[in-house]
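Protein chains: 2
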Amino acid sequence: MTTTRVPQEERTRAMRQRLLDACVECLVERGWSGTSTTLVSQRAGVSRGAQLHHFPTKNDLVVAAVSHLAEVRGRELAAAAASVPQGARRTRAVLGMLADHFTGPVFTAALELWVAARTDEQLHAAVAPLEQRVGRETHRMTVELLGVDESRPGARELVQATLDLVRGLGLANTIRDDRARRGRILDQWARTLDLALQEPS
Amino acid sequence: MTTTRVPQEERTRAMRQRLLDACVECLVERGWSGTSTTLVSQRAGVSRGAQLHHFPTKNDLVVAAVSHLAEVRGRELAAAAASVPQGARRTRAVLGMLADHFTGPVFTAALELWVAARTDEQLHAAVAPLEQRVGRETHRMTVELLGVDESRPGARELVQATLDLVRGLGLANTIRDDRARRGRILDQWARTLDLALQEPS
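Line order of the protein sequences matches chains X and L.
Position 199 of the first sequence, counting from 1, maps to 199 under the UniProt record's numbering, and the rest follow consecutively.
Position 8 of the second sequence, counting from 1, maps to 8 under the UniProt record's numbering, and the rest follow consecutively.
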């Protein structure tokens with residue numbers, strides 16, 4: 001049997017990843033107030049000592065998790081975007097993909113951080129710029145996916161409205177799973193959006 | 001000088017109100033995790049003993065505050081609805097009124113409760129039915145304000161989408177004050193909504 005010695009640097013990176021993933025999972029399952037560094041280290045299978053070495057405080061851990069989460073969201077959206085089918089029902093498919101993201105666990109973790117950041121200055125300083133970046137990237141991606149000409153009056157605002165709509169649907173979903181209602185709303189929004197983006201300006 | 005003896009019942013009711021108002025203010029300023037029964041009783045100017053008499057636990061207090069908040073939201077919306085002007089810009093004015101509500105402190109307090117309720121079963125049991133009631137009332141009010149004929153295909157979904165849109169705008173506003181962006185989105189949505197509700201079905 002051959003044992004491969006994993007370089008220290010690689011092991012450090014992997015442990016860091018595990019801690020950040022565990023932090024995001026904890027946010028989804030227990031919420032912000034139920035997330036503690038002890039719980040995260042247990043879940044990641046990392047000793048308290050090693051965890052404290054990487055992230056001395058809850059805030060250090062969470063700020064790193066915010067950045068990690070922004071990356072995960074970006075990757076998740078890009079992967080979903082790549083698999084949206086072309087064709088007549090393209091708009092509805094794009095909306096479905098966005099709604100899936102905004103009702104999924106990665107959005108839920110982000111929601112916990114946003115709301116906590118509202119009353120925590122240090123967390124807000126980490127969350128706000130990343131949120132702005134994710135927002136810009138999601139907007140650009142949506143414009144591309146829908147083939148929107150943003151030079152047309154109102155087109156930019158309709159894309160923004162679409163993203164605010166799915167964010168609102170995501171928030172509603174945290175209280176009550178309402179997939180059927182959401183589906184009907186997206187059906188109608190797709191029709192309205194297609195008409196509005198085609199109408200002579 | 002004449003002193004009027006306020007009946008015990010009335011004083012009890014007033015103290016209860018003060019505690020609930022203080023709880024809502026605390027949620028807005030400190031968030032769910034920063035809200036404690038001690039802080040609420042201090043803010044309300046009510047002794048710990050009297051507070052514990054009314055609400056023995058944080059959950060008793062918060063569940064009562066949820067119900068109180070639903071009433072306050074209903075009253076705030078009804079009052080705002082009554083002052084929306086008639087005329088050509090009616091739709092935009094209704095959207096502005098809704099957006100003002102969903103970016104105001106009363107929505108912020110509700111948001112804190114929703115997110116906390118996501119991972120707290122007892123709180124969820126209190127929040128979910130009230131949220132549903134407020135949602136239904138807001139929907140009915142919006143239908144009336146916009147004069148929407150819900151028997152038309154898609155009309156109901158467009159009203160629902162409008163409410164999810166303003167909810168999404170409210171959530172975005174907690175991270176970043178973006179009044180100008182919001183105004184442009186609502187301008188465009190008012191135009192699109194008017195066209196969509198008028199188009200032959």
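Just so you know, these hints were derived from the structure itself, not from any lab.
Worth double-checking, as some hints may not be accurate.
Capping the alpha-carbon separation at 20 Å, the derived lysine to any residue pairs in SDA-like fashion look like this [as the list claims (entries may be wrong)]:
| hint | chain 1 | residue 1 | chain 2 | residue 2 |
| --- | --- | --- | --- | --- |
| 1 | X | 58 | L | 34 |
| 2 | L | 58 | L | 13 |
| 3 | L | 58 | L | 126 |
| 4 | X | 58 | X | 89 |
| 5 | L | 58 | X | 33 |
| 6 | L | 58 | L | 92 |
| 7 | X | 58 | L | 58 |
| 8 | X | 58 | L | 16 |
| 9 | L | 58 | L | 121 |
| 10 | X | 58 | X | 42 |
| 11 | X | 58 | X | 21 |
| 12 | X | 58 | X | 77 |
| 13 | L | 58 | L | 96 |
| 14 | L | 58 | L | 39 |
| 15 | L | 58 | X | 34 |
| 16 | L | 58 | X | 30 |
| 17 | X | 58 | X | 122 |
| 18 | L | 58 | L | 45 |
Since this is a predicted model, take the numbers as computed values, not measurements.
Quickly compare the C-alpha distance for residue 58 of chain X and residue 42 of chain X to 20 Å and report which way the hint goes. This hinted pair holds, its Cα atoms lying about 14 Å apart.
Take a quick look at whether residue 58 of chain X and residue 16 of chain L sit within 20 Å of each other, Cα to Cα. violated (36 Å)
Distance restraint between residue 58 of chain L and residue 121 of chain L, which requires alpha-carbon spacing of 20 Å or less: Answer holds: residue 58 of chain L to residue 121 of chain L is near 14 Å, not above 20 Å.
Hinted pair, alpha-carbon criterion (20 Å max): residue 58 of chain X, residue 34 of chain L. Please report holds or violated. Distance ~16 Å between residue 58 of chain X and residue 34 of chain L Cα, so the pair holds.
Between the alpha carbons of residue 58 of chain L and residue 126 of chain L, is the straight-line distance 20 Å or under? Holds. Residue 58 of chain L to residue 126 of chain L sits at ~13 Å (cutoff 20 Å).
Within a Cα-Cα threshold of 20 Å, do residue 58 of chain L and residue 96 of chain L meet the stated pairing? Given pair residue 58 of chain L, residue 96 of chain L is violated - Cα atoms ~35 Å apart, limit 20 Å.
Hinted pair residue 58 of chain L and residue 45 of chain L, Cα distance within 20 Å: The hint holds at about 17 Å.
Between residue 58 of chain X and residue 89 of chain X, is the straight-line Cα distance small enough, at 20 Å or below? violated (45 Å)
Between residue 58 of chain X and residue 21 of chain X, is the straight-line Cα distance small enough, at 20 Å or below? holds (14 Å)
Starting from residue 58 of chain L, check that the Cα of residue 30 of chain X is at most 20 Å away, please. Roughly 18 Å separates the two Cα atoms, so the pair holds.
Check whether the Cα positions of residue 58 of chain L and residue 13 of chain L lie no farther apart than 20 Å. holds (19 Å)
Residue 58 of chain X and residue 77 of chain X were given as a pair; does the straight-line alpha-carbon distance stay at or below 20 Å? Answer violated: residue 58 of chain X to residue 77 of chain X is near 28 Å, above 20 Å.
In terms of the numbered hints stated before, the structure departs from hints 4, 6, 7, 8, 12, 13, listed from lowest to highest.
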